[in-house]
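Residue numbers (my numbering), protein chains in the order written: chain A, 1 to 114; chain B, 1 to 114.
Treat the hints with care, as some may be off.
[Stated by the list, open to error] No more than 35 Å apart at the CA atoms, straight line, and that leaves these computed lysine-lysine pairs for DSBU-like:
{"id": "1", "chain 1": "A", "residue 1": "LYS109", "chain 2": "B", "residue 2": "LYS22"}
{"id": "2", "chain 1": "B", "residue 1": "LYS38", "chain 2": "A", "residue 2": "LYS68"}
{"id": "3", "chain 1": "B", "residue 1": "LYS19", "chain 2": "B", "residue 2": "LYS53"}
The hints are simulated quantities; they were obtained by calculation from the structure and are not laboratory data.
Spelled out, the chains give:
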Amino acid sequence: ELKVEQNPLFLSMQEGKNYTIYCNYSTTSDRLYWYRQDPGKSLESLFVLLSNGAVKQEGRLMASLDTKARLSTLHITAAVHDLSATYFCAVDFSSMDSNYQLIWGAGTKLIIKP
Amino acid sequence: DTEVTQTPKHLVMGMTNKKSLKCEQHMGHRAMYWYKQKAKKPPELMFVYSYEKLSINESVPSRFSPECPNSSLLNLHLHALQPEDSALYLCASSQDLDSYNEQFFGPGTRLTVL
Numbered sequence: 001e002l003k004v005e006q007n008p009l010f011l012s013m014q015e016g017k018n019y020t021i022y023c024n025y026s027t028t029s030d031r032l033y034w035y036r037q038d039p040g041k042s043l044e045s046l047f048v049l050l051s052n053g054a055v056k057q058e059g060r061l062m063a064s065l066d067t068k069a070r071l072s073t074l075h076i077t078a079a080v081h082d083l084s085a086t087y088f089c090a091v092d093f094s095s096m097d098s099n100y101q102l103i104w105g106a107g108t109k110l111i112i113k114p
Numbered sequence: 001d002t003e004v005t006q007t008p009k010h011l012v013m014g015m016t017n018k019k020s021l022k023c024e025q026h027m028g029h030r031a032m033y034w035y036k037q038k039a040k041k042p043p044e045l046m047f048v049y050s051y052e053k054l055s056i057n058e059s060v061p062s063r064f065s066p067e068c069p070n071s072s073l074l075n076l077h078l079h080a081l082q083p084e085d086s087a088l089y090l091c092a093s094s095q096d097l098d099s100y101n102e103q104f105f106g107p108g109t110r111l112t113v114l
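Construct the entire structure; sequences and hints are all you get.
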């Protein structure tokens with residue numbers, strides 16, 4: 001069964017602290033995406049990770065991909081309130097008889113307190 | 001233009017009404033998607049169009065009817081919906097289904113069925 005598991009599902013943290021969100025997946029894939037969603041809004045693409053060992057950074061967020069471990073991490077450095085949102089990871093999957101589809105994690109709701 | 005647009009932003013309809021949701025992109029993408037998202041859940045794939053042909057239908061009830069008039073437009077026709085169909089409906093597009101699948105999302109239509 002195709003599964004993408006995120007943890008934690010909920011995270012409340014203080015400004016200035018560091019933390020990591022984990023995304024494990026059950027199928028072979030070397031393509032993983034991180035999205036951000038603010039309450040009541042759409043999904044914004046944050047990172048596209050396309051190979052083993054890929055690391056991308058944007059501001060206080062850094063994402064990495066380990067395809068051997070089937071694990072991606074989203075690291076938050078010195079969190080600020082503006083990063084409060086729900087973060088989703090999604091994994092590209094294709095089989096012999098289908099094109100690529102995204103399999104989504106459940107999302108991590110991140111609240112950053114001043 | 002790197003945007004996906006959707007209209008309307010909000011829609012309230014009765015169970016006997018017929019309405020349509022519209023989506024447009026001008027990025028030259030050849031794959032377009034409809035997703036349904038309930039509160040605090042990841043998006044659920046409904047339909048995928050590839051080169052204007054329906055490629056994936058995730059067993060969606062027939063009260064939802066997609067249409068792709070051309071490569072830039074995607075519609076979702078709604079008829080005889082149920083209150084449980086109330087959700088955020090998101091349109092997305094990507095380059096195609098044969099390569100990596102970064103999807104760009106529109107702002108969504110918030111649908112309420114009374």
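Tested hints:
no.	hint	result
1	A:LYS109 <-> B:LYS22	holds, 29 Å
2	B:LYS38 <-> A:LYS68	holds, 33 Å
3	B:LYS19 <-> B:LYS53	holds, 22 Å
In this structure, every one of the numbered hints holds.
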